[in-house]
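**Q** Read top to bottom, the protein sequences are chains A and B.
Here the first sequence is numbered in this note's numbering, starting from 1 and rising by one per residue.
Here the second sequence is numbered in this note's numbering, starting from 1 and rising by one per residue.
Hints are computed from structural coordinates only; laboratory data are not their basis.
Take these hints with a grain of salt, some might be off.
Intra- or inter-copy, both count: the list cannot distinguish identical chains.
Said to hold, decoys possible - 16 Å max Cα-Cα, derived EDC-like pairs, lysine to aspartate or glutamate: (1) Lys335 - Asp292; (2) Lys327 - Glu311; (3) Lys169 - Asp243; (4) Lys334 - Asp269; (5) Lys334 - Asp292; (6) Lys249 - Glu34; (7) Lys339 - Asp292; (8) Lys169 - Glu144; (9) Lys169 - Glu248; (10) Lys327 - Asp196; (11) Lys334 - Asp141; (12) Lys215 - Asp332; (13) Lys249 - Asp204.
Protein chains: 2
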Amino acid sequence: MRIFPVILSGGSGTRLWPMSTPDHPKQFLPLTSEDTMFQQTLARVGDPRRFAAPLIVANARHQALIEAQLGGRDATLLLEPAARNTAPAIALAALAAPHALLLVMPSDHVITNPAAFQNAIDAAVPHADAGWLVTFGISPDAPETGYGYIQLGDALAAGVHQVARFVEKPDAARAAEMLATGDHVWNGGIFLFRADAYLAALADHAPEILAAVTKAMNTATRTGAVVHPEAAAFAASPSDSIDYAVLEKAARVAVVPVSMGWSDVGSWDALAALAVPNEDGNALTGNVVTVDTHNCLIKSDGLRIATIGLEGLTIIAAGNDILIMPKGCAQDVKKVIEKL
Amino acid sequence: MRIFPVILSGGSGTRLWPMSTPDHPKQFLPLTSEDTMFQQTLARVGDPRRFAAPLIVANARHQALIEAQLGGRDATLLLEPAARNTAPAIALAALAAPHALLLVMPSDHVITNPAAFQNAIDAAVPHADAGWLVTFGISPDAPETGYGYIQLGDALAAGVHQVARFVEKPDAARAAEMLATGDHVWNGGIFLFRADAYLAALADHAPEILAAVTKAMNTATRTGAVVHPEAAAFAASPSDSIDYAVLEKAARVAVVPVSMGWSDVGSWDALAALAVPNEDGNALTGNVVTVDTHNCLIKSDGLRIATIGLEGLTIIAAGNDILIMPKGCAQDVKKVIEKL
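Okay, chain A solo, but in the shape it has when bound (with noise of 0.2 Å):
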């Protein structure tokens, strides 16, 4: 059975201010590659041997954006009259499709070694084709606190383990001893599982979700391939995540660990890491002249940027708006987001 691709577009993406902006989320700019992550996302899932068209849940103001990007590629677009978190998304998806594999990704992370994460479908395809909920684990290289981890229980099989538990966003000191167990991986938002499986989840534990979703699905306006939920309906669910809502709950829960070469690319930091650098250190886009400038983070989409004597700085141009910061404080973009 194919599976059905299911891409969550619902990111507001103020991390990467001033490129990305409510309007224009991260997800459909070419920040790491001539293809947007949104279109990288779409060609990981682009083999029609294997992948089904896709189901896309995104903000219904990004239809436009959407539909370019698709380039006349066949998707069905369900479209949130409000943002509600990813269980109510994911529970759209389900209920458009309830009797198909879904493989639920974000849509603005980028995955370097995408032969590793078909290998880790593989080994997902029969757990969630027997009703687990399985999600794909990150191996760790760092102590990151950005995310949340997930604790490896008893193996199901090769390369497939039960959830032994799952862990909130840590603080460094626990990052550190999760990394040294060598048994937690990164919750990277990636899921493979039956859609009746999920439903069924979802109507074990969170009861609110399905209704209110299942009752925004039995009244939405249809438009070709675009699927309007009912906006009251929608709204009326409560908003929360599938881990909250469902995974942490839930019984059967495995998780795949891979290491494919996986970034969220969730701050301007992690963009630098992903960037391949010229011969000064410096990855530039855009109309820069750098003087006696090394391992800069410089992008512009318009305006001239000339440095003389700067490093490791990251320095950002987008339409009327220029950020400048060391490299290392980008989570502190959100500082500059509250002034203005």
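Guided by the hints, dock chain B onto chain A, whose structure is given.
**A** Just chain B now, with coordinates in the frame of chain A:
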């Protein structure tokens, strides 16, 4: 007798790129106050009891800027058809007002203590009336290598000295020596002399300049208060500074040392030194948002600049250009200009 101010507006202003450009050099920008340096220069000689309407020697391409910034004030414009340095430029003014006492000033300097300047003029007038070519020497407060120096000779009167010698821009060691002697001042390019005394000195020491400029003025066209010296004749003049062509050779050259808060605003570092910082040590102009940022000079004429965690940078946005460098690197702006 009233003094005729001669305002020289010949600089191309590349050292304050990107705000200053050949079409809009620094004297026409409000960099140090709400008034431009050109307007500040006009105001310095604005007392009609003491000063006649100014003679402005300028690049013809700046006529509209000058007329706008004059704001209806009387002035004679002497529009240079080509740049030939200060000796020919001042000769234009001397030939336009051959019986006047001329106070020659660059249009792009800052003087924060204008009363001290007026007192220095008072001290200089009797000697200029007597036929001396009088320079104003800026009392040095640092071993600057970017200026020429003048060594004080015998006193002619209180606060007025013969010039012992002119010294070209020194290296750092020589600058420190001169600062230590206490009898050297900076050559600020400000002069007071009778027009006929200057023309006589030109005849003695730079007759080709005098001949060319005389021919250009004899065949000039005049429209109202705007004089266009004849282009071919003026272009035939040697290009030389008043210092080299006349002052270093003439017999009766005097210097009036003065401490008047002078700056030639010759670089972004010089401008940073003039700026009044806020409580974070930052001098901010325009649409700027700072987080954890200290001791920076940030100016924008339109773009919104956001900074996080920066220390001691100069950031200048003008039009479609932005320049970013540490304070202390301003002399390297020319390297950027070469690359563009």
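**Q** Look at each hint and say if it fits the structure.
**A** Results for each hint:
| no. | hint | in the structure |
| --- | --- | --- |
| 1 | Lys335 - Asp292 | between (30 Å within a copy, 10 Å between copies) |
| 2 | Lys327 - Glu311 | both (9 Å within a copy, 14 Å between copies) |
| 3 | Lys169 - Asp243 | within (12 Å within a copy, 71 Å between copies) |
| 4 | Lys334 - Asp269 | within (14 Å within a copy, 31 Å between copies) |
| 5 | Lys334 - Asp292 | between (30 Å within a copy, 13 Å between copies) |
| 6 | Lys249 - Glu34 | neither (40 Å within a copy, 65 Å between copies) |
| 7 | Lys339 - Asp292 | between (32 Å within a copy, 12 Å between copies) |
| 8 | Lys169 - Glu144 | within (9 Å within a copy, 55 Å between copies) |
| 9 | Lys169 - Glu248 | within (14 Å within a copy, 75 Å between copies) |
| 10 | Lys327 - Asp196 | neither (45 Å within a copy, 63 Å between copies) |
| 11 | Lys334 - Asp141 | neither (26 Å within a copy, 44 Å between copies) |
| 12 | Lys215 - Asp332 | neither (40 Å within a copy, 66 Å between copies) |
| 13 | Lys249 - Asp204 | within (9 Å within a copy, 101 Å between copies) |
Checked against the numbered hints given earlier, the structure breaks hints 6, 10, 11 and 12 and satisfies all the rest.
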